[in-house]
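Peer 1: Protein chains in written order, with my numbering: chain B, 5 to 220; chain R, 9 to 265; chain X, 32 to 257.
Just so you know, the hints here were simulated from the structure itself, not pulled from any lab data.
C-beta atoms are modelled at their ideal positions from N, C-alpha and C, and glycine is treated no differently.
A portion of the hints provided could be inaccurate.
[Said to hold, decoys possible] Some chain X residues close to chain B (C-beta under 10 Å, calculated; not the full set):
(1) S53
(2) F63
(3) L66
(4) V142
(5) F184
(6) A186
(7) R192
(8) V209
(9) L211
(10) A239
[To be verified] Not close to chain R: a few residues of chain X, all C-beta gaps over 10 Å, as computed:
(11) V42
(12) R52
(13) R79
(14) V82
(15) K234
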Amino acid sequence: MPVRALGWLAVLGLVAGIVAAFGYAPREVMQGNVQRIMYLHVPAVLTAYLAFALVFIGSVGYLLTRRAGWDRLALAAAEPGVIFTGITIASGSIWGKPTWGTWWTWDARLTSTAVLFLVYVGYLLLRGMIDEPDRRARAAAVVGILGTANIPIVHFSVKWWRALHQPATILGPEPSPIAAPIALTLFVNWLAFTLLFLYLLAKRTEIARLEERHAE
Amino acid sequence: MIATGPDAVREHTPPPASDLVVEAAHLRKTYGPTPALEDVSLSLGSGTGLTLLGPNGTGKTTLLRILGTLLRPTSGSLRIAGRDALKEPSAVRGAIDMVGHGTWIYEDLTAIENLRFWSAMGGHDATRPRLLGALESVELDTVAERRARTFSAGMKRRLALARVLLGRGRLLLLDEPFTGLDRAGRKWLGEFLMSFKARGGALVVATHSFDAGLGVADRVAILAGGRIALDRPTAALGHDELRRLYDDLALGSGSAS
Amino acid sequence: MSGYVRRAWSVVWKDLLSERRSKESVNTLVFFSLLLLFVFQFSLGPDRARVETALPGLLWLGFLLAGLLAFGRTFLVERENDCWEGLILAPGDKSAIYLGKLVGNVLLMAVVEAVLVLLFALFFSLDFTSVLPGLVLVLALGTLGLAAVGTLFGAITAQLRARELLFPVLLLPAAVPVLLASVSATQTVLLGEPLAQAAPWLKLLGAADLVYLVVGVLTFEFVLEA
Chain B
5 MPVRALGWLA VLGLVAGIVA AFGYAPREVM QGNVQRIMYL HVPAVLTAYL AFALVFIGSV
65 GYLLTRRAGW DRLALAAAEP GVIFTGITIA SGSIWGKPTW GTWWTWDARL TSTAVLFLVY
125 VGYLLLRGMI DEPDRRARAA AVVGILGTAN IPIVHFSVKW WRALHQPATI LGPEPSPIAA
185 PIALTLFVNW LAFTLLFLYL LAKRTEIARL EERHAE
Chain R
9 MIATGPDAVR EHTPPPASDL VVEAAHLRKT YGPTPALEDV SLSLGSGTGL TLLGPNGTGK
69 TTLLRILGTL LRPTSGSLRI AGRDALKEPS AVRGAIDMVG HGTWIYEDLT AIENLRFWSA
129 MGGHDATRPR LLGALESVEL DTVAERRART FSAGMKRRLA LARVLLGRGR LLLLDEPFTG
189 LDRAGRKWLG EFLMSFKARG GALVVATHSF DAGLGVADRV AILAGGRIAL DRPTAALGHD
249 ELRRLYDDLA LGSGSAS
Chain X
32 MSGYVRRAWS VVWKDLLSER RSKESVNTLV FFSLLLLFVF QFSLGPDRAR VETALPGLLW
92 LGFLLAGLLA FGRTFLVERE NDCWEGLILA PGDKSAIYLG KLVGNVLLMA VVEAVLVLLF
152 ALFFSLDFTS VLPGLVLVLA LGTLGLAAVG TLFGAITAQL RARELLFPVL LLPAAVPVLL
212 ASVSATQTVL LGEPLAQAAP WLKLLGAADL VYLVVGVLTF EFVLEA
């Protein structure tokens, strides 16, 4: 699919998503309109996980084959991944402000996401500091693999750590069964975000390829 | 045999394929836009020595590191002792030994402890008598229990060679081994390398030191601008003729840049 | 001894021997622990109770800071003596080198941690004897996790210009779960509660250690190249 078409589809999806989030989805009783930010927050975190799964795949692929294409995949997925993680954290913080009264509490999911953010920013910093392509790809691949392997461990450690101090706060979709309009709105936004991510991924890969060619 | 530019002359039948220790074809190494090595091919049979001549910066060290599987070429193929060195570097590394700018010596360890460590890492755990024997061969047995920190550059070089002696390397790569050695030292090293060849090993010596490099070589290659400008057997060339060619190709404009 | 074990052991032996002769790392890190004690006390103010409440966190903060120094230096001796190439050219499975360096790091940290615990006991009149077995177990599991990642990242950053900056930046986020689990488990132990109470944390630490070791062993050969 040509990249430009992907871009337009993403825009279309995002518009549909916004319309659905504000027009179609119901207003939540207790939290009010602020809860609509969930339609940004949840798709963002799902997309971030998709991104980091691709970083893992690209990392393993490079180590096994030493072909630059895999490393490009890892890089092109990591950058948008960090952005979507940032969006997740920011939207989570905004969502929680009215409920918690502060911009930040060490809520389990938010904290886990923040740690993820730190890991992959470190990944990008590492990449930025190595000039030689093979060494950069190898170093980044190992850090990427460890970062991904660490995700479940981080999740559990933070969750149990929070459980010690405070009961879990409610920062997610309503308990099931989820009402159809909410589910549909979530789905539309998730689809739009995924399309946007894929567009960014494709664009970043193109740029990476051009950079390599220019370096030669 | 060597395939180089149009100026090269084949004067030597290549050794039988089974005997080849090194087969490199069309090696190319670029760092960004700059090619450090361009279309380098060479082959080396056991018991032979190749001297790479060229002033600093012409890619000798790069080529040596590629031959030693320490660096991956941008393109080209490399076989060492019959195995593909690019696909299975770990398989061929047991056959390679290098004495480069670094001598692989831990300063806080004694001479014999250094040997013991590298011997164990090489997978041939040598006994103390063998270690001492190797030190004796390089005339370091009297300082076996002294810390390497106190050694002179020449002694460190000899210790590195003792390490080579203990190994089962078939290919020995040396980067500027003659620098810092006095005449006696050079003579000693020359004899060491000749006996290494006599045992069936293959040698590649990279140096800008013209006279010393020739003594151990069966073939000479001149590297200029990242390409092999000349490759001849030493027997086929007079000393002065080679000197003239060297001055022209390597120190002059270079044949193919 | 199989070749693999012999090579791993040779690395440990070599590092222990070098360290015994130069005494660089141990002396400085032990002194560093003493300094940390003062820094912690000065940062928290004169109220002793505050330090006691914060003790599990302070201990692990101390271990982490010492670890940043210690693990960052893992391949320093190879770099200074130009032995990196020698390790690359060594035949066989490179992960033996990783494990050898890991053991060395764990031993070094064991000394530092023992000293720090002793210093805390001394300066704050704390008695750890009743909780010692549990404490040692938590320390061992946590340190193994830190060292497994630290040794791997230490190798990655060893050849880089910006290693002093990058190493902490990479290690700290990766160390978060080990830190959380170790501090929580240490707290349980220090409160005198039965070890079973800390079991979930210990299991998490054990699982994390295993994951890090596997990643380290599998990826080390890709790190140890020119």
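Peer 1: A separate judgement is required for each hint: does it hold in the structure or not?
Peer 2: Hints, one by one, checked against the model:
Because the closest C-beta pair between S53(X) and chain B is about 29 Å apart, greater than 10 Å, the hint is violated. Restraint check, F63(X) versus chain B: the minimum CB separation of about 24 Å is more than 10 Å; hint violated. Among the interface hints, the one on L66(X) is violated; its C-beta lies about 27 Å from the nearest C-beta in chain B, farther than the 10 Å criterion. Against a cut-off of 10 Å between C-beta atoms, the interface hint on V142(X) is violated, since the closest Cβ of chain B lies about 26 Å away.
Taking 10 Å as the C-beta cut-off, the interface hint given for F184(X) holds, the closest approach to chain B being about 7 Å. With its C-beta approaching chain B no nearer than about 9 Å, A186(X) sits inside the 10 Å limit, and its interface hint holds. The beta carbon of R192(X) is positioned within 10 Å of a beta carbon in chain B (closest approach about 7 Å), and the interface hint is therefore held. Here the hint on V209(X) is kept, as its CB sits about 8 Å from the closest CB of chain B, short of 10 Å.
Interface hint status for L211(X): upheld, as the beta-carbon distance to the closest one in chain B is roughly 4 Å, under 10 Å. The criterion of a C-beta within 10 Å of any C-beta in chain B is met by A239(X), whose closest approach is roughly 5 Å, and the hint holds. Distance check for V42(X) against chain R: the nearest CB is about 8 Å away, which does not clear 10 Å, and the non-interface claim fails. For R52(X), the requirement that its beta carbon stay farther than 10 Å from each beta carbon of chain R is not met, with the minimum near 5 Å.
Interface exclusion of R79(X) from chain R stands, the closest Cβ pair being 42 Å apart, more than 10 Å. Distance check on V82(X): its Cβ is at least 39 Å (rounded) from any Cβ of chain R, clearing the 10 Å threshold; non-interface status holds. The beta carbon of K234(X) sits about 36 Å from the closest Cβ of chain R, which is more than 10 Å, so the claim that it is off the interface holds.
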